[in-house]
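Top to bottom, those sequences are chains A, B and C. With the first letter of the first sequence counted as 1, position 236 gets the number 236 in our numbering; the numbers rise by one all the way through. With the first letter of the second sequence counted as 1, position 85 gets the number 325 in our numbering; the numbers rise by one all the way through. With the first letter of the third sequence counted as 1, position 178 gets the number 736 in our numbering; the numbers rise by one all the way through.
A couple of the hints might just be wrong.
As the list claims (entries may be wrong) - Distance windows between CB atoms, simulated:
| hint | chain 1 | residue 1 | chain 2 | residue 2 | range |
| --- | --- | --- | --- | --- | --- |
| 1 | B | Val510 | C | Gly692 | 31 to 37 Å |
| 2 | B | Leu542 | A | Gly59 | 33 to 39 Å |
| 3 | B | Thr509 | C | Ala687 | 26 to 32 Å |
Unchecked claim - In silico contact screen, one side only, chain C against chain A (beta carbon under 7 Å); selected entries:
| hint | residue |
| --- | --- |
| 4 | Leu726 |
| 5 | Leu733 |
| 6 | Ala736 |
| 7 | Gly751 |
| 8 | Asp753 |
Simulated from the structure, these hints should not be mistaken for lab results. Just so we're clear, the structure is a prediction, and the values are computed from it rather than from any experiment. We put the beta carbon where it would ideally sit given N, CA and C, even for glycine.
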Amino acid sequence: MSAVLAIDDLVAGYVADLPIVTGVSMTLSPGELVTIIGPNGAGKSTLVKAIAGLVMVMGGRVRLEGNDITGIQTHRLPRSGVGYVAQSSNVFTSLTVHENLRVAAHTLGAERSERLADAYEMFPDLKRYRDQKGRVLSGGQRQMLALGMALVCRPRVILLDEPSAGLAPAIVQDVFTRLRALADSGLALLMVEQNARAALQLSDRGYVMAEGAAKIEGPANDLLADPKVAEIYLGTRRAR
Amino acid sequence: MMGYVSYLSFFLTLALIYGIATMGLNMQWGFTGLFNAGVVGFFAIGGYAYAIVIGPDRPDLVGGFELPFVIGLLGALAFSALAALIVGLATMRLRSHYLAISTFGIALTIQLVALNFESLTAGNLGLIGLGRPLEDAFDTPLGFNLFYLGLMVVATLIVYGALQLILHSPWGRVLRAIREDEEAAISLGKNVSRFRLEAFVIGCSLMGLAGAFYVGSIGYISPFDFLPIVTFQIWTMLILGGSGNNRGAILGAIVVWGVWTSSGWLISTVLPPAWQVRGAASQVILIGLILVLTLLYRPRGLIGERVTVSSGAKLNDR
Amino acid sequence: MGQLIADGILTGAVLSLGAIGVTLTLGILRFANFSHSELVTWGGYFALTFIAFAGTSAETFGPLSFGWSFVGAIIIAGIATAGLALIVDALVFSRLRRRRAAEMTLVFASFGIALLLRHIIVLIFGPHAVYYTGTLQFAVEILPGVRVMPDQILVLVLTLLFVLGLHLTLKFSRLGIAMRASAESPDLARVHGVDVRVVIRWTWAIGGGLAAAAGVFYGLTVQLRPEIGFALLLPLFTAALLGGSGSVYGAVIGGLIIGLSESLSVLIIPTGYKQAVPFLILLLILYLRPRGLFGDVAK
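Here chain A stands alone, though its shape is the one from the complex (with noise of 0.2 Å):
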């Protein structure tokens, strides 16, 4: 199985010298589900913000398909065939569920109104909602507008972060069941969460992180049931 994405020992913060992501190496294949777990302020978003080149990288490799996208300009994201989804703020709220999408595909030429159509239909509910302002989208509406932002590109890969925040209990399985089915269709997700154990039962494999580094690898399940992960991440002591 070839890696879709490969990070090498990256090495990433807000400002220089004061690394906040300290060598961090990850793999993700196509179809594949990855949560990265971790308590607060261990660097989880901020490694995700690095490989989309919203933070500044200070070391290491990010490499796509075996092209090194490391540290590249945001805004060449999704025609190198990734896709993005920021935390919360991630549709514009004075925009049109439309104009949302047509932002989402202001690289593309001809094929934009065939891309618009599919994201459509993917998700009906944006349909209803085409002319509406992002304000007054539900929690749960705003997370599919993003997602489906994020799909119009055709990406390889998509890197979410805490797709699950601020959204009631029973969207946050629908989002997941969401992605869940993207990943068997072949793409290749990575994913920061807050949500750990929810987050763990649909992936295939996770990371632990702390104080900005890896510490622990495995398949979901296999961290589902470490009793240290448990510990540590899973249970009391689970910031939310």
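Starting from the known structure of chain A, arrange chains B and C on it as the hints suggest.
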């Protein structure tokens, strides 16, 4: 020889007066991060308040209370503080550019009042014959100039000392904390807008005080002493000297006022009369260049604040 | 009264064009650009320069005071002013952005730039008021007691066209949607492939072009002076903040309100204080509705 000494003392007097206004601006921008785009307005309020309080009674005008010099200074402080309060209350809770544009507006309005409210300010004729403190005690202009320079040195030292004192008091520490990390200050229960408002009012009062000293030194007042360019000059003094440092503010005032007067002298002696207006424009361009280049290449100025900013403040700046 | 309203609408139209640029910089570049109104002045003088070289056409369009050379002048002024805005951005603002300077540092730099731009005009063109043409125009009575110049009517029509064009661009074009997206969240726009640097350049170009139009119209219907920009600074900002920062439609409405209130103010306060009217409105907005009229729908 005496002419030079007299001229030099007059030059230094004005430089120190601007230095006081610059320290006022430093309280706002350097220590609190407030952008006051209407420095000249508060300078003018101080000047006019002083002139009206101490000036001779004029039958055709309101005001002219013939009160002592010190009362004039207090009047200048009070009125500039009041104007600061009006603008400050409207803007302190809002994003910073609201303050910038409102202060610009009040400066413009004050200039209009100075020009048009003739029964108070005598309009564009200005108020003359204001009398200067202890003027009669000196036989020569030089004597008065040296005396007034001495007075300004003392005033500058008092203002400097007082500012250092309050900046190192608990109040000053809260102010710095707000500038470096507003969120943290709020979470500690500090009323951020009140501290800002206080710093803004203190700064404007100092500008008003400087305006009073200015009128005190020349003995008359006219709207044309308070053109918007004064705001730019004082800003350039602060930025070049190094904002966040009151010694920098004084140094910047002396340097920029030196550049301004010497370039003005050069233009008036070298250029033919027909080119004087363009010469004056290039004088302003020179000031503008100093300002923009300092911002780009030496953001800390000549002697900026020592680097005591925490990493939190650094993050804020990013 | 009718005459004052007509005059106010005309002033308001020119203010609207300028205020759009202010509101765009507030919304997309996220700082108050104090030098924007100087672009208005430069636009006016660029057109003057073009006319000086191209000469005024002997033939004028019907009742208007100008002919073909003036059309060329408007276009050249728009392009040149957009270029000037881009140069200033490249030399100063983009460097400060790259250094991630605080918002107020940019405001502050714009203050210095305003000073430079204004006095370079004095240096090149001198301090006196100038006019595009010496042609005398006769006012037409459009309503009983309301007289306007044919040029003024044209200015109004062109302003409407520019505003409509910008509205359609922002509403429907790929660039326009990207601009609105960048105004709300530059990072989210980047994630979806929008190169925000390009959006910023277009923002300068559009703001500069419209400022030039405002300058030319001002020069055509009033006169050209180096202090136009300085005099317009407060009205433009008040119009933008009244409309709600980032809102183009708000800026247009704001411009009209300011134009009308300045014009009608002479009924209740002495003419000498007319310039202070925007400031009074500004204070009212700040106390009553700091978001502006359309601040909510804004971005």
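Now the hints, each set against the structure:
Against the hinted window of 31 to 37 Å, the Cβ-Cβ separation of Val510/B and Gly692/C comes to about 36 Å, which satisfies the hint. For Leu542/B and Gly59/A, the hinted distance range of 33 to 39 Å is satisfied, since their beta carbons lie about 37 Å from each other. Under the hint 26 to 32 Å, the C-beta atoms of Thr509/B and Ala687/C, about 29 Å apart, fit the expected range. Violation of the interface hint for Leu726/C is found here, the shortest Cβ-Cβ separation to chain A being roughly 14 Å, above the 7 Å cut-off.
A least Cβ separation of about 10 Å between Leu733/C and chain A goes past the 7 Å threshold, and the interface hint is therefore violated. For the restraint placing Ala736/C at the interface with chain A, the shortest Cβ-Cβ distance is roughly 6 Å, inside the 7 Å limit, so the hint holds. Taking 7 Å as the C-beta cut-off, the interface hint given for Gly751/C holds, the closest approach to chain A being about 4 Å. Hint status for Asp753/C relative to chain A: holds, with the closest Cβ pair at about 4 Å, below 7 Å.
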